[in-house]
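Participant: Residues per chain are reported as follows:
Protein chains: 2
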Amino acid sequence: MSVATNRPAPARAAGFDLDAYLARTTTAVNRALDRLLPKATARPATIHKAMRYSLFAGGKRMRPALCLAAAEACDGSWGAAMPLACAVECIHTYSLIHDDLPAMDNDDFRRGKPTNHKVFGEGIAVLAGDALLTQAFEIAAQCRAAVRYPHGTIVLEIARASGSLQLVGGQVADLEAEGQTVSAAQLRYIHERKTSALLGCATRLGGMSANCTAAQLRALTDFGYHVGLAFQVIDDILDVTQTSAQLGKTAGKDVAVQKATYPAIVGLERSRKIAAQLTDKAFAALKPFRGRAVALEALATFLLQRDR
Amino acid sequence: MSVATNRPAPARAAGFDLDAYLARTTTAVNRALDRLLPKATARPATIHKAMRYSLFAGGKRMRPALCLAAAEACDGSWGAAMPLACAVECIHTYSLIHDDLPAMDNDDFRRGKPTNHKVFGEGIAVLAGDALLTQAFEIAAQCRAAVRYPHGTIVLEIARASGSLQLVGGQVADLEAEGQTVSAAQLRYIHERKTSALLGCATRLGGMSANCTAAQLRALTDFGYHVGLAFQVIDDILDVTQTSAQLGKTAGKDVAVQKATYPAIVGLERSRKIAAQLTDKAFAALKPFRGRAVALEALATFLLQRDR
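Here the protein sequences line up with chains A and B, keeping their order. The working numbering numbers the first residue of the first sequence as 224 and each following residue consecutively. The working numbering numbers the first residue of the second sequence as 224 and each following residue consecutively.
These are computed hints drawn from the structure, not numbers from a lab. Given the structure is predicted, the values throughout are model-derived calculations rather than measurements. Incorrect hints may appear among the rest.
Unchecked claim - To be clear about the criterion: a stretch of chain B counts as covered by chain A if any three or more of its residues have a C-beta under 8 angstroms from a C-beta of chain A, and this derived list gives those stretches:
no.: 1; segment: 255-266
no.: 2; segment: 269-278
no.: 3; segment: 339-346
no.: 4; segment: 351-365
no.: 5; segment: 368-375
no.: 6; segment: 395-405
Ideal placement from N, C-alpha and C gives every residue a C-beta, glycine not left out.
Starting from the given sequences, assemble the full structure and let the hints guide the process.
Facilitator: Rendered as structure tokens:
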């Protein structure tokens, strides 16, 4: 049952075995990440152990899955999309390591495991994040680029989604909002940057790897934006409604540090409605694919139905 | 007079006005950085103020100068090399911001000014470093790539020099060496990564922007490596021999935290000799350019003659 709605999954995605799909994408992504990163024994071993600790800490690989599913929707292959899926996951993991630092969100647990700085110390955690961010570009620079989207375009896409005007900017705005009165518009600004930017980037990169048309890229952009926002609204809702054990991280943390969240600003019921509306818009964005975006639809449905 | 030797500058560089050259490169680089980075007022303003604070804190712009001079040696233009010069300076600045953090070298001053985290707080300092690292790739992705060196090659060059096996790896090894007995070989490993990697990258990128030949690239690689190592050995020497006021940062810091340095391991006189030998090798590497690398020669001479 969905956090945001009581509706069943849309008809098209109903016959789609998402669990099996996610098992396949996760296995393939983990294998690719293992191949693309320096071995844990590579000198200096500490940094590679630290990078791999967080990269293989049980992340749901939603961004890579979105990337691969977007490539499929555009008749592309997993092979071409995989390096970009891995690059985005490196960026996502780096952002979590740095966000968890004492100077930022100060989280001791992530996905039920001690955070990077609790295991390796703050200095190495900062550097592990730096190295994963850099690794993302090293991987992207070596992808098999499609005709319409050469390496310059691919790298620019990742850098813009991750930079001071998007991902990093969102974290800055989030830090500055703590303990402040925040409007719904400001909160949307934060969530667009902290979550939508990279989810949208993952989705767009999947299309790019498949040499998608401009119209397809617009549809994927629209889809990624709305799924990303919905995802974050639900994250806010879960922080209020679930226990730490269910979440695998410290629940109620947002409330404790007076962090701006949708439930805190517009209430729980209105938050659920917003999440549902965003998902409707995401589904609408997929119409141009005329049924070929079944994996993307199933993923969007899953993102609204998840309970942790 | 040189820190490492009592010899005058080599004959070729003698007629070259390095002060005027550095004034020109610095002005051009500062103007380009100002144009390439988001304005200080761009939302969220805090991150852009923090990025610009450290980027415009009076750095000597040696890496950009090496990049531009390398382009000249290969008959290239400043225009083509400038974005890459700026990208490298963004990487260098990010690495300083993160190295200065309390969890790493814990430095309160840099170039006579309070370090980024002293002004903006640790959280924003981490994010400002992240944003500058990302900005470097955003800039590189938009450079005018030469025929032999497309964007994928350029981005890969920067990512490898900055990643866990080079720049970040050097900082990790440096952190781990504190308070430990370090061999000269281990120290060289650290310095190759902390300094040579990015200086060499800057020099190579200059050649790449000029569509240099494979032989020219090899010469620039050899040059950058040796200049970089010499630069770091001299940095170690200056930390022992100069006052804080002369350096614009806390002198004797390396000794105080038992940091591995050349003077600590091989002594001051031997350190000076090593620096001089490395510079000789750097000059030798420039021979294939037959006098067209006058700016690179002058820069190498300057790096040995500097007293802060």
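Participant: Give a verdict on every hint.
Facilitator: Results for each hint:
1. 255-266: Per the Cβ count (3), the hint holds.
2. 269-278: holds (count 4)
3. 339-346: Since 3 is at least three, the answer is holds.
4. 351-365: It holds, with 11 qualifying residues against the three required.
5. 368-375: Check passed, 4 qualifying residues.
6. 395-405: holds (count 4)
The structure meets every hint from the earlier list without exception.
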